[in-house]
Amino acid sequence: METEVAFLRGLVAVQRMADDILEDCLQRGLTLDAGLDVFLTQCARMVHAPAGFVSLRGTRGPVLTRVLGELGADVFEAALWRGPRRLPNGRMLFCTRLKLGTLELGGMGLAVEGAFPDGGGLVMKLVEAIGEQLDTSVLAFLALTDGQGPLERLDDLAMDDTPVPRGRIGKYEVLTPLGTGGMAQVLVARARGPEGLGRLVALKRILPHLTADPAIVQQFLDEARIGLRLAHPNLVHVYDFGEAQGAYFIAMELVRGVDLDRLLRARRGPLMPEQAVAVVVQALHGLQAAHSLKGEDGKPLLLVHRDLSPHNLMVGFDGRVKILDFGVAKARAQRTMTLPGIVKGKPLYMSPEQARGQRLDARSDLFAMGLILYEALTGKRAFDRGDELRSMQAICDERLTRPDSISQPLWDVLEVALAKSPTARFSDALEMAERLQEALTPVKDAELARLMARHFPDRLRELQQLDRTEAQARLGVSPPAVEPDIEDVDTEPRPRPSPQPQKKAAR
Numbered sequence: 488m489e490t491e492v493a494f495l496r497g498l499v500a501v502q503r504m505a506d507d508i509l510e511d512c513l514q515r516g517l518t519l520d521a522g523l524d525v526f527l528t529q530c531a532r533m534v535h536a537p538a539g540f541v542s543l544r545g546t547r548g549p550v551l552t553r554v555l556g557e558l559g560a561d562v563f564e565a566a567l568w569r570g571p572r573r574l575p576n577g578r579m580l581f582c583t584r585l586k587l588g589t590l591e592l593g594g595m596g597l598a599v600e601g602a603f604p605d606g607g608g609l610v611m612k613l614v615e616a617i618g619e620q621l622d623t624s625v626l627a628f629l630a631l632t633d634g635q636g637p638l639e640r641l642d643d644l645a646m647d648d649t650p651v652p653r654g655r656i657g658k659y660e661v662l663t664p665l666g667t668g669g670m671a672q673v674l675v676a677r678a679r680g681p682e683g684l685g686r687l688v689a690l691k692r693i694l695p696h697l698t699a700d701p702a703i704v705q706q707f708l709d710e711a712r713i714g715l716r717l718a719h720p721n722l723v724h725v726y727d728f729g730e731a732q733g734a735y736f737i738a739m740e741l742v743r744g745v746d747l748d749r750l751l752r753a754r755r756g757p758l759m760p761e762q763a764v765a766v767v768v769q770a771l772h773g774l775q776a777a778h779s780l781k782g783e784d785g786k787p788l789l790l791v792h793r794d795l796s797p798h799n800l801m802v803g804f805d806g807r808v809k810i811l812d813f814g815v816a817k818a819r820a821q822r823t824m825t826l827p828g829i830v831k832g833k834p835l836y837m838s839p840e841q842a843r844g845q846r847l848d849a850r851s852d853l854f855a856m857g858l859i860l861y862e863a864l865t866g867k868r869a870f871d872r873g874d875e876l877r878s879m880q881a882i883c884d885e886r887l888t889r890p891d892s893i894s895q896p897l898w899d900v901l902e903v904a905l906a907k908s909p910t911a912r913f914s915d916a917l918e919m920a921e922r923l924q925e926a927l928t929p930v931k932d933a934e935l936a937r938l939m940a941r942h943f944p945d946r947l948r949e950l951q952q953l954d955r956t957e958a959q960a961r962l963g964v965s966p967p968a969v970e971p972d973i974e975d976v977d978t979e980p981r982p983r984p985s986p987q988p989q990k991k992a993a994r
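Numbering (our numbering), first residue to last: 488 to 994.
Simulated from the structure, these hints should not be mistaken for laboratory data. Worth double-checking, as some hints may not be accurate.
Taking lysine-lysine pairs in the BS3-like style, the calculated list, with each CA pair at most 30 Å apart, reads [what the hints assert, rightly or not]: (1) K781 with K867; (2) K586 with K612; (3) K781 with K907; (4) K786 with K931; (5) K907 with K867.
Given only the sequences and the hints, what does the whole structure look like? Please build it.
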């Protein structure tokens with residue numbers, strides 16, 4: 488009975504969320520890709536799916552594809568599948584076609600970890616229900632915007648890759664979605680003021696179906712106020728925050744890079760030790776600045792990040808590392824449902840005191856940085872035991888042994904950072920950074936920049952196109968066609984809108 492009730496609650500949540508997203512996109516002039524990002528991410532969270540996709544087709548083939556996480560399958564092939572299918576990485580991919588009558592709109596799927604003795608029948612039913620809601624919402628979106636038939640309207644999405652305004656939030660013109668999390672969506676936007684067009688920013692906004700929650704709004708505003716006080720080359724700078732027609736937003740520095748988690752996945756293994764140390768040392772300097780921040784009264788603010796992981800360490804194409812989302816605990820009470828066989832999220836970067844629910848100070852962040860360094864050096868998560876409870880127990884009770892790939896001097900630093908007792912760790916982030924640099928000389932920023940350019944040429948070109956568009960917009964000229972600047976090498980698949988299926992793609 489509990490499973491059926493959870494299933495029905497999930498269906499109601501999906502329907503309400505889809506309605507909110509549709510209304511929000513139409514109200515703010517946002518296009519379909521922004522809405523799909525939110526829908527896909529929130530549905531994936533609902534069933535604890537670490538990866539998923541939506542692929543829409545026009546009259547000539549795929550025109551809009553959004554991918555969440557590392558799918559483990561060719562997205563254009565998966566868009567034609569139906570039903571559950573076991574992937575090589577051990578996950579189960581639940582796929583459904585987006586179809587109304589004879590109208591084929593494409594396909595979607597969610598990749599879920601876990602064992603499914605019944606073949607995942609209940610999960611499949613929920614994915615099919617999500618697909619039915621999605622294809623209805625897509626048709627409603629197309630019907631309420633200008634265009635011809637639905638498929639011809641989808642064709643229009645593939646006509647031009649030039650970044651142009653796709654809606655407006657306050658004084659910011661939205662260009663393209665950048666990513667979506669549990670509480671907020673991040674968009675690339677351009678400021679417009681009395682002097683004309685301004686800088687490109689990352690515009691973070693609360694998801695439309697969460698704006699009525701006062702606790703989430705307050706947390707969001709607290710994050711903005713803290714962000715405005717932080718100023719350091721290794722911390723993301725906050726420029727502005729506010730509210731426009733019910734949309735709360737934070738305008739932040741647009742980091743030209745990708746997160747460390749994605750870099751490790753692109754390499755399919757660890758960084759070179761000198762590279763790993765370089766990333767972590769920079770992040771530690773940012774941590775030191777935040778931990779040392781004082782209020783207007785001169786008293787320490789005692790900021791603690793609480794949620795450090797490879798996902799919020801951004802490595803830039805200039806070789807500069809920046810920490811995202813500092814000083815605000817994430818919203819833990821997300822509306823999720825648990826179905827049989829599904830593995831829930833893993834708190835893999837908690838300190839022992841955080842896992843036990845005890846009081847935290849800055850040394851908790853140093854434990855998380857030790858776990859991040861371990862993963863960057865080995866390609867493995869130190870205390871991943873397959874489920875939440877066992878991972879938390881391992882963090883609290885188990886001790887690590889030195890892998891052969893980590894030198895003794897680096898291991899000596901890691902042992903202090905990963906001490907179970909906060910009092911046995913480094914006194915602050917600066918001390919840990921200095922000890923790391925003594926153990927191994929880190930590479931310079933220029934080498935990190937070359938590493939990023941080798942692994943993410945498509946992403947680098949996208950950012951260069953945005954920068955060109957910004958410069959041309961200031962001058963009032965139309966952007967010309969952009970020629971590739973660097974050779975494509977060793978990049979992860981990122982689906983891009985195209986009239987014909989292709990293997991390259993953008994998240």
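Tested hints:
1. K781 with K867: The given pair, whose Cα atoms are some 36 Å apart, is violated under the 30 Å limit.
2. K586 with K612: At roughly 16 Å apart (the allowed maximum being 30 Å), K612 and K586 satisfy the hint.
3. K781 with K907: Holds. K781 to K907 sits at ~28 Å (cutoff 30 Å).
4. K786 with K931: violated, 35 Å
5. K907 with K867: Given pair K907, K867 holds - Cα atoms ~20 Å apart, limit 30 Å.
Of the numbered hints stated above, those contradicted by the structure are hints 1, 4, listed in ascending order.
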